[in-house]
Amino acid sequence: MGSIGPQNGIEGENLDVLIIGAGFTGCYLLPKLRNLGFKTKIVESGSYFGGVWYWSRYPGARVDSPYPYYSLSLPEVYKDWEYKELFPPWHELQRYFAHVDKTLGLSKDAIFNSRVTSATFNEDENTWTVECHNGKLFKTRFLVAGIGFAAKEYVPQWKGMDKCKARIVHSSHWPADLDIKGKKLAVIGNGATGVQLIQECADQASELTAFIRTPNICLPMQQKPLISSEQKAQKQSFPELYQRRLTTVGGLEFTAQTRAHADFTPEEREELLERLWKKGGFAPFAASFNDTLTSPTANDTVYQFWLKKTRARVPDKAKAAIVAPSVAPHPFGAKRPSLEQDYYEKISRPNVSVVSVKETPITEFSQDGIVTADGKVHKFDIIALATGYDAITGSYKNIDIRGLGRRELNSKWKSGTRTYLGMATQGFPNLFFTYGPQSPGPYVNGPSCTEPQCDWIADVLSKLRDQCLSRIDPDENAERQWSETVNAISKATLIHEVKSWWTGANIPGKPMEALGYLGGLPNYLKALKDSLENDLQGFKVS
Numbered sequence: 001m002g003s004i005g006p007q008n009g010i011e012g013e014n015l016d017v018l019i020i021g022a023g024f025t026g027c028y029l030l031p032k033l034r035n036l037g038f039k040t041k042i043v044e045s046g047s048y049f050g051g052v053w054y055w056s057r058y059p060g061a062r063v064d065s066p067y068p069y070y071s072l073s074l075p076e077v078y079k080d081w082e083y084k085e086l087f088p089p090w091h092e093l094q095r096y097f098a099h100v101d102k103t104l105g106l107s108k109d110a111i112f113n114s115r116v117t118s119a120t121f122n123e124d125e126n127t128w129t130v131e132c133h134n135g136k137l138f139k140t141r142f143l144v145a146g147i148g149f150a151a152k153e154y155v156p157q158w159k160g161m162d163k164c165k166a167r168i169v170h171s172s173h174w175p176a177d178l179d180i181k182g183k184k185l186a187v188i189g190n191g192a193t194g195v196q197l198i199q200e201c202a203d204q205a206s207e208l209t210a211f212i213r214t215p216n217i218c219l220p221m222q223q224k225p226l227i228s229s230e231q232k233a234q235k236q237s238f239p240e241l242y243q244r245r246l247t248t249v250g251g252l253e254f255t256a257q258t259r260a261h262a263d264f265t266p267e268e269r270e271e272l273l274e275r276l277w278k279k280g281g282f283a284p285f286a287a288s289f290n291d292t293l294t295s296p297t298a299n300d301t302v303y304q305f306w307l308k309k310t311r312a313r314v315p316d317k318a319k320a321a322i323v324a325p326s327v328a329p330h331p332f333g334a335k336r337p338s339l340e341q342d343y344y345e346k347i348s349r350p351n352v353s354v355v356s357v358k359e360t361p362i363t364e365f366s367q368d369g370i371v372t373a374d375g376k377v378h379k380f381d382i383i384a385l386a387t388g389y390d391a392i393t394g395s396y397k398n399i400d401i402r403g404l405g406r407r408e409l410n411s412k413w414k415s416g417t418r419t420y421l422g423m424a425t426q427g428f429p430n431l432f433f434t435y436g437p438q439s440p441g442p443y444v445n446g447p448s449c450t451e452p453q454c455d456w457i458a459d460v461l462s463k464l465r466d467q468c469l470s471r472i473d474p475d476e477n478a479e480r481q482w483s484e485t486v487n488a489i490s491k492a493t494l495i496h497e498v499k500s501w502w503t504g505a506n507i508p509g510k511p512m513e514a515l516g517y518l519g520g521l522p523n524y525l526k527a528l529k530d531s532l533e534n535d536l537q538g539f540k541v542s
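Per this note's numbering, the sequence shown starts with residue 1, numbered consecutively.
Hints are not guaranteed to be accurate.
[Said to hold, decoys possible] Dumping the calculated SDA-like pairs for lysine to any residue here, alpha-carbon to alpha-carbon at most 25 Å:
id, residue 1, residue 2
1, 279, 92
2, 463, 31
3, 412, 541
4, 152, 117
[Said to hold, decoys possible] Per label pair, the in silico range of CB-to-CB distance:
id, residue 1, residue 2, range
5, 123, 374, 27 to 35 Å
6, 230, 203, 26 to 34 Å
7, 522, 233, 27 to 35 Å
8, 361, 177, 27 to 35 Å
9, 224, 175, 51 to 59 Å
10, 36, 325, 50 to 58 Å
11, 265, 173, 49 to 57 Å
To be clear, the hints were calculated from the coordinates, so they are not data collected in a lab. Glycine included, every Cβ here is placed at the ideal spot set by N, Cα and C.
Turn these sequences into a full structure, and let the hints guide you.
Now the structure itself:
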């Protein structure tokens with residue numbers, strides 16, 4: 001497959017592959033495809049690499065997967081790289097992406113400050129025409145959407161927001177000049193962003209009020225500084241480590257126990273959970289009993305252990321009742337747990353107030369701040385919206401994607417998401433996703449998922465080129481079966497009925513469904529391999 005020439009009089013770049021997004025997908029897939037001889041470019045709405053870490057600059061923002069797992073497995077990248085902390089903050093991640101760019105020479109094939117607004121498939125030519133907000137045009141044989149699952153922020157619309165004199169900011173677009181020192185700050189939302197904002201801002205703001213609907217069941221991050229000499233020594237084992245991360249359910253170092261809750265004595269359960277608690281990170285969730293997400297009894301055991309640990313850190317009984325309720329607000333792990341360092345100590349500060357939005361919902365905004373259902377007016381200088389995203393599928397709503405017969409992707413997915421292997425969707429040929437809907441993306445470490453997906457895309461494109469084929473589109477039956485599998489696995493867990501961004505229930509009017517594949521990374525990678533090695537089984541090619 002060579003480069004394509006000008007078509008239909010449209011001026012613009014003519015490519016073999018266009019990658020939307022300059023995060024991990026773009027940084028990994030671009031050099032891989034270039035080396036295979038495909039004319040490839042990245043188009044990115046931001047002004048540099050980083051993906052979500054280009055935009056996530058709010059106070060306290062940091063990744064919740066540890067180094068070296070949350071990194072590319074390329075030796076040329078990691079051999080000269082060192083982080084300062086096990087869980088790096090946003091500015092360190094931006095420094096990392098600059099290193100990746102310099103090492104791999106990515107910028108020469110990246111177009112920044114160009115937000116893709118539309119992508120239309122040309123059935124006669126088997127190409128995509130892609131247009132950006134600034135008028136840039138691309139013609140490409142294949143289109144890869146590496147846009148992540150947190151590209152469309154969700155901003156609830158309360159009455160009076162337009163008249164409020166407080167500065168209202170969403171965490172995804174945090175102003176660089178915003179100074180919270182000595183200010184009255186509201187934080188609405190208690191997902192990972194809300195937790196990190198509260199943790200970082202509590203000792204800077206004169207007053208901080210956390211508006212919490214559902215408390216976050218936070219786990220101890222167990223952050224630690226990284227020593228240069230230790231990092232250098234550890235790199236000898238990186239090849240094995242990066243292979244091993246593909247064999248665990250979540251793409252990290254640990255996986256669930258082989259035994260169920262009932263197979264442990266009470267003493268053994270306590271010992272296991274205590275050990276996992278000290279290890280930190282997602283270990284208490286991901287490495288506990290193998291039926292934690294399917295057995296209510298097992299699940300409650302883990303929650304009660306968490307409750308005991310957490311209540312000891314929140315002496316104020318009123319605050320504890322909200323942030324660590326005696327009855328679990330939902331099954332443990334059925335919403336994505338967040339990692340914290342001293343969140344519960346910060347919540348306990350005298351200048352921090354906690355408002356239960358379930359008991360006293362926000363009814364409107366006033367000129368001075370926020371009004372709750374009890375009639376109280378909460379006055380603020382700054383209101384931070386940590387209200388999350390239209391996750392996973394919402395990222396695609398920012399682009400007018402039209403496939404066969406000019407059918408809109410948003411229209412196809414309006415009543416429910418359908419993909420094959422979480423990599424493509426029928427009726428939209430030559431379009432691939434990474435870290436997207438019905439893949440393991442929402443439940444696993446990012447690079448552990450995106451790298452093998454990118455490898456698979458590169459193998460598929462090479463196979464098509466070798467066979468002089470120009471179109472690939474999922475078979476409708478294969479897509480239906482995959483979507484049924486995704487939902488069936490979800491229904492077998494305690495996650496399925498819980499309202500969260502994992503199921504789309506955080507967005508009004510969005511169908512509640514399984515948006516991610518819960519079968520684990522190894523099973524998913526086997527499905528990709530089986531399709532590739534069996535003549536692209538599940539796809540129609542021509």
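Quick one: are residue 522 and residue 233 within 27 to 35 Å, going by C-beta?
Taking Cβ atoms as reference, residue 522 and residue 233 lie about 29 Å apart, which means the hint holds.
Quick check on a hinted range of 26 to 34 Å for residue 230 and residue 203, using CB atoms only.
holds, 30 Å
Given the range 51 to 59 Å, decide if the beta-carbon distance of residue 224 to residue 175 lies inside it.
At 31 Å between Cβs, range violated.
Residue 463 and residue 31 were given as a pair; does the straight-line alpha-carbon distance stay at or below 25 Å?
holds, 18 Å
Lying within 50 to 58 Å: is that true of the beta-carbon distance residue 36 to residue 325?
Given about 54 Å between the Cβ atoms, the range holds.
So the hint says 27 to 35 Å: do the beta-carbon atoms of residue 123 and residue 374 match that?
violated, 59 Å
Against the range 27 to 35 Å, how does the distance between the Cβ atoms of residue 361 and residue 177 compare: consistent or not?
holds, 32 Å
Measure nothing beyond the straight line between the CA atoms of residue 412 and residue 541; if it is 25 Å or shorter, mark the hint as holding.
holds, 21 Å
Take a look at whether the Cβ-Cβ distance between residue 265 and residue 173 falls inside 49 to 57 Å.
holds, 51 Å
Between residue 279 and residue 92, is the straight-line Cα distance small enough, at 25 Å or below?
At roughly 23 Å apart (the allowed maximum being 25 Å), residue 92 and residue 279 satisfy the hint.
Pair hint residue 152 and residue 117, alpha-carbon separation not exceeding 25 Å:
holds, 13 Å
Hints 5, 9, counting from the list given before, are not met by this structure.
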